[in-house]
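Student: In terms of the numbering used here, the sequence shown opens at residue 3 and continues consecutively.
FYI, nobody ran anything at the bench for these hints, they're computed from the structure. Treat the hints with care, as some may be off.
Stated by the list, open to error - DSS-like, lysine-lysine: derived pairs with alpha carbons at most 25 Å apart:
1) K138 with K119
2) K133 with K14
3) K133 with K16
4) K16 with K60
5) K143 with K118
6) K16 with K138
7) K133 with K119
8) K143 with K133
9) K25 with K14
10) K118 with K60
11) K69 with K25
12) K72 with K60
13) K72 with K143
14) K133 with K118
15) K60 with K143
16) K119 with K25
17) K133 with K72
18) K14 with K119
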Amino acid sequence: MFHPMRRNDREKTKEEALDILAKGSYGILCTLGENGYPAGTPLNYVSDVGSIYVHFAKGNALESATKHPKVGFTVVTRSDVVPSEFVTNYESVMVYGRAVELHGQQKYDALYLLIKKYSPGFEESGIEHIKEDIDKCHVLKISIDHLTGKGRTG
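Assemble the whole structure, with the sequences as input and the hints as a guide.
Tutor: Put into structure tokens, the structure is as follows:
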């Protein structure tokens, strides 16, 4: 179903790939648009127990993921160009999964995970923020079907 990695000497273990995914600050949600073109949307996210959670306002990414739930998600945590060697040192992860919009308690729980990741120490005020704005945002859960990590160190 998924092609083997061409440069398997740079392949990360599943545990290493999950670590890269956990420490990233943003990722690119890849969806198939209504016009047949792929679209990549940069988003904050959090990963937890085999899933990724993203939040955003209503828009093309939400509509596309709802109509075409097979999505991709890519994170790059490090990218250092080494000009003298004509190479780049990097760490990245690619995820293939299925997206579903969350509602109710599941939506609240995902938003709380995002608060814990991006605003540690501000959980109490984050809860108030969630309560005020929960109806203004959308949350997708991406269940991970396949994940690969890759990296190069100099």
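Student: Against this structure, judge whether each hint is valid.
Tutor: Hints and how they fare:
Pair hint K138 plus K119 holds up; C-alpha atoms about 20 Å apart against a cutoff of 25 Å. Distance restraint check for K133 and K14: the Cα-Cα separation of roughly 39 Å exceeds the 25 Å cut-off, and the hinted pair is therefore not satisfied. Distance hint between K133 and K16 is unfulfilled; the C-alpha atoms sit about 36 Å from each other, more than 25 Å. Note on K16 and K60: the hinted pairing is violated, with a Cα-Cα distance of about 33 Å set against a maximum of 25 Å.
Between K143 and K118 the CA atoms are separated by roughly 17 Å; this keeps the pair inside 25 Å, and the hint holds. Using a Cα cut-off of 25 Å, the hinted pair K16 and K138 is violated, with the two alpha carbons roughly 35 Å apart. For the hint pairing K133 with K119, the CA-to-CA distance comes to about 18 Å; that is within 25 Å, so the pair holds. With a C-alpha separation of about 19 Å, the suggested pair K143 and K133 falls inside the 25 Å cut-off, and the hint holds.
Proposed proximity of K25 and K14 is supported: the alpha carbons are some 15 Å apart, at most 25 Å. For the given pair, K118 sits about 23 Å from K60 by alpha-carbon distance, which is consistent with the 25 Å threshold. Of the pairs offered as hints, the one joining K69 and K25 is violated, with about 29 Å between alpha carbons and a cut-off of 25 Å exceeded. Distance hint between K72 and K60 is fulfilled; the C-alpha atoms sit about 19 Å from each other, no more than 25 Å.
The straight-line distance between the Cα atoms of K72 and K143 is roughly 12 Å, inside the 25 Å bound, and the hint therefore holds. Distance restraint check for K133 and K118: the Cα-Cα separation of roughly 15 Å lies within the 25 Å cut-off, and the hinted pair is therefore satisfied. Straight-line distance between C-alpha atoms of K60 and K143 comes to about 15 Å, which keeps the hinted pair within the 25 Å bound. Straight-line distance between C-alpha atoms of K119 and K25 comes to about 9 Å, which keeps the hinted pair within the 25 Å bound.
Of the supplied pair hints, the one linking K133 and K72 is violated, its CA atoms being roughly 30 Å apart against a limit of 25 Å. Note on K14 and K119: the hinted pairing holds, with a Cα-Cα distance of about 24 Å set against a maximum of 25 Å.
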